[in-house]
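Protein chains in written order, with the working numbering: chain A, 1 to 123; chain B, 1 to 334.
Hints in this document: simulated from the structure, not taken from any laboratory.
Certain hints may be false.
Straight-line C-alpha distance at most 25 Å; calculated DMTMM-like pairs for lysine to aspartate or glutamate [as the list claims (entries may be wrong)]:
1. K115/A to D306/B
2. K88/A to D74/A
3. K73/B to D39/A
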Amino acid sequence: MEKYINSYVIVTVFLILGILFPIFVLWLGKQLRPHKPTDAKKTTYESGNEPVGVSQIRFNVRYYLYALMFVIFDVETVFLYPWAVAYKQMGLFALTEMIIFAGLLCIGLVYAWRKKVFKWNSI
Amino acid sequence: MQHFWNDPLGWGNAGIFIAGAVAVLAVVIFFVTYAIYFERKFIGWMQFRKGPNRVGPLGLLQTVADVAKLLLKEDTIPSKADKGLFVLAPVLAFVPSFVVLAFIPYSMNLQFADLNVGFLYYIALSGITTIAIVVGGWASNNKYSLLGGMRSAAQMISYEVPLVMSIVGVVMMTGSLNLRDIVIAQEGYFWDWNFLPQILGFGIFVISAISELNRTPFDLPEAESELVAGYHVEYSGFRFAFFMLTEYIYLYAIACLTTLLFLGGWNPPFPQLDFIPGVLWFFLKFAFIVFTIFWIRATFPRLRVDQLMSLAWKVLLPLAILNIFLTALGIELM
Numbered sequence: 001m002e003k004y005i006n007s008y009v010i011v012t013v014f015l016i017l018g019i020l021f022p023i024f025v026l027w028l029g030k031q032l033r034p035h036k037p038t039d040a041k042k043t044t045y046e047s048g049n050e051p052v053g054v055s056q057i058r059f060n061v062r063y064y065l066y067a068l069m070f071v072i073f074d075v076e077t078v079f080l081y082p083w084a085v086a087y088k089q090m091g092l093f094a095l096t097e098m099i100i101f102a103g104l105l106c107i108g109l110v111y112a113w114r115k116k117v118f119k120w121n122s123i
Numbered sequence: 001m002q003h004f005w006n007d008p009l010g011w012g013n014a015g016i017f018i019a020g021a022v023a024v025l026a027v028v029i030f031f032v033t034y035a036i037y038f039e040r041k042f043i044g045w046m047q048f049r050k051g052p053n054r055v056g057p058l059g060l061l062q063t064v065a066d067v068a069k070l071l072l073k074e075d076t077i078p079s080k081a082d083k084g085l086f087v088l089a090p091v092l093a094f095v096p097s098f099v100v101l102a103f104i105p106y107s108m109n110l111q112f113a114d115l116n117v118g119f120l121y122y123i124a125l126s127g128i129t130t131i132a133i134v135v136g137g138w139a140s141n142n143k144y145s146l147l148g149g150m151r152s153a154a155q156m157i158s159y160e161v162p163l164v165m166s167i168v169g170v171v172m173m174t175g176s177l178n179l180r181d182i183v184i185a186q187e188g189y190f191w192d193w194n195f196l197p198q199i200l201g202f203g204i205f206v207i208s209a210i211s212e213l214n215r216t217p218f219d220l221p222e223a224e225s226e227l228v229a230g231y232h233v234e235y236s237g238f239r240f241a242f243f244m245l246t247e248y249i250y251l252y253a254i255a256c257l258t259t260l261l262f263l264g265g266w267n268p269p270f271p272q273l274d275f276i277p278g279v280l281w282f283f284l285k286f287a288f289i290v291f292t293i294f295w296i297r298a299t300f301p302r303l304r305v306d307q308l309m310s311l312a313w314k315v316l317l318p319l320a321i322l323n324i325f326l327t328a329l330g331i332e333l334m
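Could you build all of it, start to finish, from the sequences and the hints given here?
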């Protein structure tokens, strides 16, 4: 139990140090670096031209489909890991169950493939 | 660190943990400094150039000079940018990359946190960096950054799936997610290491890991010939340095994980070589992986974005699922 708590205390120490380090270094940088902003410096970079329009626009729905596929298969791995840890004790019955489970997801993968979700045609 | 694990928590122990964390930070910054130097040197030699050789003896202080330059450089925030998110993104990218390092065991007696969730801890934290990259790309309000950020998100989530699945075979053979147990299970000769029985998983892991690191040949998020610099076009000074630092810390973490999961961790290739300390074996394997990643960068051209996506979903993912069931069958038959 002590080991368990201590391990997460160490993780917390790393987390706090990880937050403090950038704050400290960026503060240090602020003391050292020059600060003379002009309007030209503060424009966004667009290969030297005047920026046209805004950039925060709606973008291709394809990214959303990838995100959906990612959620499906990431949840599958969440189920796979406990199965993998206990596999040696459970044997053939667990294997059959996992083949059915993964098989259903593979049908989904084939469906997405046939629907050309993975086809990337622009940008 | 081992004997502190079972002591009840007190101020003395907490002080030691803090000192350990500071030491890891120092080691990692040293690693990043010289990884960048050796990357430039190696690639220089592979292209018949000399690489950095002016600052300090043999150019050894080149990266130090670069960091000093970044620290003293003016930091501009574009007037159109979303200021809060723009400032937050580099920090949000860096913090999880550093917290990942808490659980890596370097040898039998040198490990900070011993987490039973093991590899899942890495996956959970490295996902946050993807968010930071999208936030940085979006907040810059620059067309190149937005494209770089979105591509990066699509690429990183696509390759995360085969990366996670390629480890399942290793977990099945060990029956544990704990990195320490995985290394102990690989004791013996070098053909007992996981990379031979799990050769398919090893291949998938290395390819997906290079893609997760956004390195060549999968460096589309910052493809300089088409996207200027990708998601960090608008970042300058030390905010940019934090994105670079994050990238190299993940290189460190992935090289450590490859060593631990597939190359036997601190085990020597022959048990007769046991008298050489484990940390040294760990470091040799680690250095070999880092060198291989640099070598790949010098050798391969960049993939096209459609090839990149079809490689993840049409090749690596089915192979990773196949690997799981081949491993299951192998365990049944043995």
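Against the structure, the hints:
| no. | hint | result |
| --- | --- | --- |
| 1 | K115/A to D306/B | 16 Å, holds |
| 2 | K88/A to D74/A | 23 Å, holds |
| 3 | K73/B to D39/A | 18 Å, holds |
Consistency with the previously given hints is maintained throughout, with no hint failing.
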